[in-house]
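Put chain B on the given structure of chain A with help from the hints.
Protein chains in written order, with the working numbering: chain A, -9 to 405; chain B, 743 to 1054.
Derived from the structure by calculation, the hints contain no laboratory data.
Any given hint might turn out to be false.
Simulated DEER-style distance windows between Cβ atoms [unchecked claim]: (1) A:Ala312 - B:Leu876: 42 to 48 Å; (2) A:Leu327 - B:Met968: 34 to 40 Å; (3) A:Leu392 - B:Pro959: 52 to 58 Å.
Beyond 10 Å from chain B on every Cβ pair, some chain A residues (computed) [said to hold, decoys possible]: (4) Asn56; (5) Asp74; (6) Lys86; (7) Gln89; (8) Arg237; (9) Asp355.
As a list, the in silico SDA-like pairs of lysine to any residue whose alpha-carbon atoms are at most 25 Å apart [to be verified]: (10) A:Lys218 - B:Val1029; (11) B:Lys794 - A:Val256; (12) A:Lys369 - B:Gly905; (13) A:Lys395 - B:Pro869; (14) A:Lys218 - B:Phe770; (15) B:Lys842 - A:Leu234; (16) B:Lys794 - A:Ser253; (17) A:Lys7 - B:Gln946; (18) A:Lys7 - B:Asn868.
C-beta atoms are modelled at their ideal positions from N, C-alpha and C, and glycine is treated no differently.
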Amino acid sequence: MTAAHQTLTTADGRPLKAALVRAQRRARRRAFLLVAPLLVFVLLTFVIPIGQILYRSVHHDGFSANAPAVSEWFAATAPGTEPDEAAFAALAADFKAMQAARTAGVAATRVNYTLPESRSLFTKTARSADDLVPPYREAFLAIDAKWASPAVWQAMRSSSSAYTGDFYLASADFERAEDGSIHRVEETQRIYVQLYLKTFALSALITVICLLLAFPVAHLLATLPMAKANLLMILVLLPFWTSLLVRTTSWIVLLQSQGVINSALVAMGVIGDDGRLPMIYNQAGTIIVMTHILLPFMILPLYSVMRVIPPGYARAARSLGATSWTTFRRIYLPLTLPGMGAGAMLVFILAVGYYITPALVGGADGQLFSNMIQFHMSKSNWSMAAALSSLLLVGVLILYWLYDKLIGIDNLKLG
Amino acid sequence: MPLPSYADPLERVWYYAYLVICTLIFIFLISPILVIIPLSFNAEPYFTFTEKMLSFDPQGYSLRWYDSLLTVGMQAPDIPRGSTWYADMWANAAWVKAAKNSVIIGFWATILATGLGTLAALGLANPLMPYRRLVMAILISPMIVPIIIIATGMFFFYSNPCGLVGLDCGRLTSTYTGLVMAHAMLGIPFVIITVTATLTGFDQSLIRAAQSLGANPRTTFFKVIMPLILPGVISGALFAFVTSFDEVVAVLFLAGPDQQTIPRQMWNGIREAISPAILAVATILVVISIALLSTVELLRRRSDRLRGVTGR
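Bound-form chain A, shown alone:
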């Protein structure tokens, strides 16, 4: 009876509970130490760069750091205040400093985000900074009449703080009016929201096409005997392992107007020589090539689910009187849902961020959101690129989180 009240101990006499806790703590620490080097590496090369994007999307001190005097005036006055002589004097002082330090371009870059084409105004004024003598207002107007425009002052006002939401406003097709109010840009200039929607719509379309193409193939692979299935699997895995650029090149060769398919069709007399089909350098090209590239990502998860569906279920349904269509719809299809979900989410996530293929075969109307980010990067519009990247990142991370919730990243398999 007394034994039950005694605490269990280890061989060297310590209480078992404490020893177990210690051992667990040690195991936990060891596991963490194994992961730690990689975590630090990924933090450095991945998390911090992403953080810098987020920071740059709300921070740009090009104007506020180089034009401190007038920035101070903006801070002290209410939005929409008419610029008085003090404001012009502050601006003149800033321009003289900027001309000496050759930083007018940097400040202009910031203002240019809010009011396009103000760069020339800045560089022109900086060049004649020596002419800026009292009365300052007249001196500025003598250099360029645009200095009287409230739009320019509004743009400078929104540039005068280092932290700004302007880049997000611009990426949602909004702009600030002269009085500081926010409204949507002209209908003809609304590009970002439309592009965002188009990227999601095209990705959804590609996902659906992939699903339709992958289903019969995965089913065939899953029901064939192992030896044959493994042989056919090579046809799925080879594209998966082949360089993306190689596959894109191949499609250009196949689809271009002087390419293999068009030439074959002309030779067979299906189409005339002047009726060659435009299948590439447009939206159709993007869809065809991306479907081809992403198809294995759909086939593989579908296959691994279909492989383990017992064939007896379908036979049982048939023997109980179900037609083959009912068997498929009521028995087989629901059992494949996990595979369809996993494949569809993976394909959709990868499609939303696709860059290389649309850039090479997309032409004018097959460009996706990523290409817009690259466009701004190439124009050194880094803040705009950062804001657009952040928006895309949010979309992708929501999908990734959903994927983890529904399917679990542990179930991600390759080949």
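Okay, now just chain B, sitting in the frame of chain A:
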């Protein structure tokens, strides 16, 4: 799935239609990869089959595009092919340089990704690992986050990597180190996934058995753990290498003129003056990927056998 004997005529028709559909989809998958192989031997600078090629006239075929891979960029491509010519080719030919860069960057990125990734996968396999799910999600995310965003962020970060702590230690753009780090990071998810897959079903008591028989942690790792996870590690390494070998966006954003890789050269070729030389490179890359695919498949089967997993 063979047709059951009780199938009615409509089902028979549907069954054969289904086989035809599957065949067409397989053709869709594989034909783009196969079609470039004969075209890369085209004697003419066209991207379509010439009549001579279709009639199997030897004159319609040539190795000129493969030869141009060696000569483009050379200082004196026309001199007789002796040791000077080969030295010139090795030092100056654009594609040779690109291949060298691709191999160097790929090699170091693979070493880095595989080393760090394998250790981390061992830690993640332990159910006691704190924040296991979150850490896993972070480590896999370079595969999920669009490459353009990663490249943009790296471009910002590399232009002044010490800026965060207020120092200035030069830039990482246009350096091999920078590219190796970027490519290693992109390859890590693949290493984690493949090694974790080999570790599922890994019998933890084997480690305890080794320890109880007197093995120290090092011996346990090299004699017990390593042989069992080696197939996964090698597949992961191959994935990481292919990722680096095929990567173009980070190179576009971060590399200088000295770090041009094969994909970067192909990118230029596709965007600007597309020449059949691209097809010759593509053919070589297809052959390489066939070799890699066979290796990975053999490894996977070996791993399944070792772990006693039957079937796929």
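Cross-check of the supplied hints:
Between Ala312 (chain A) and Leu876 (chain B) the C-beta distance comes to about 45 Å, which sits within the given range of 42 to 48 Å. Between Leu327 (chain A) and Met968 (chain B) the beta carbons are some 39 Å apart, a value that agrees with the proposed interval 34 to 40 Å. For the hinted restraint 52 to 58 Å between Leu392 (chain A) and Pro959 (chain B), the CB-CB distance of approximately 40 Å leaves it violated. No Cβ of chain B comes within 10 Å of the Cβ of Asn56 (chain A); the nearest lies about 18 Å off, and the non-interface call holds.
The claim that Asp74 (chain A) is not at the interface with chain B holds, since no C-beta of that chain comes within 10 Å of its own (minimum 38 Å). The non-interface label for Lys86 (chain A) is consistent with chain B: the shortest C-beta to C-beta separation is roughly 28 Å, beyond 10 Å. Consistency note on Gln89 (chain A): stated as away from chain B, and its beta-carbon is indeed over 10 Å from all of that chain's, at 26 Å minimum. In this structure Arg237 (chain A) is not separated from chain B by more than 10 Å, as the shortest Cβ-Cβ distance comes to only about 6 Å.
At roughly 18 Å from the closest C-beta of chain B, the C-beta of Asp355 (chain A) stays outside 10 Å, upholding its exclusion from the interface. A distance of roughly 23 Å separates the Cα atoms of Lys218 (chain A) and Val1029 (chain B); the hinted pair therefore holds under the 25 Å criterion. Straight-line distance between C-alpha atoms of Lys794 (chain B) and Val256 (chain A) comes to about 17 Å, which keeps the hinted pair within the 25 Å bound. Proposed proximity of Lys369 (chain A) and Gly905 (chain B) is supported: the alpha carbons are some 23 Å apart, at most 25 Å.
A distance of roughly 19 Å separates the Cα atoms of Lys395 (chain A) and Pro869 (chain B); the hinted pair therefore holds under the 25 Å criterion. Note on Lys218 (chain A) and Phe770 (chain B): the hinted pairing holds, with a Cα-Cα distance of about 19 Å set against a maximum of 25 Å. Distance restraint check for Lys842 (chain B) and Leu234 (chain A): the Cα-Cα separation of roughly 20 Å lies within the 25 Å cut-off, and the hinted pair is therefore satisfied. Simply put, Lys794 (chain B) and Ser253 (chain A) have alpha-carbon atoms about 15 Å apart, close enough for the 25 Å limit, and the pair holds.
Distance hint between Lys7 (chain A) and Gln946 (chain B) is fulfilled; the C-alpha atoms sit about 22 Å from each other, no more than 25 Å. Of the pairs offered as hints, the one joining Lys7 (chain A) and Asn868 (chain B) holds, with about 21 Å between alpha carbons and a cut-off of 25 Å not exceeded.
Hint violations for this structure: numbers 3 and 8, all remaining hints satisfied.
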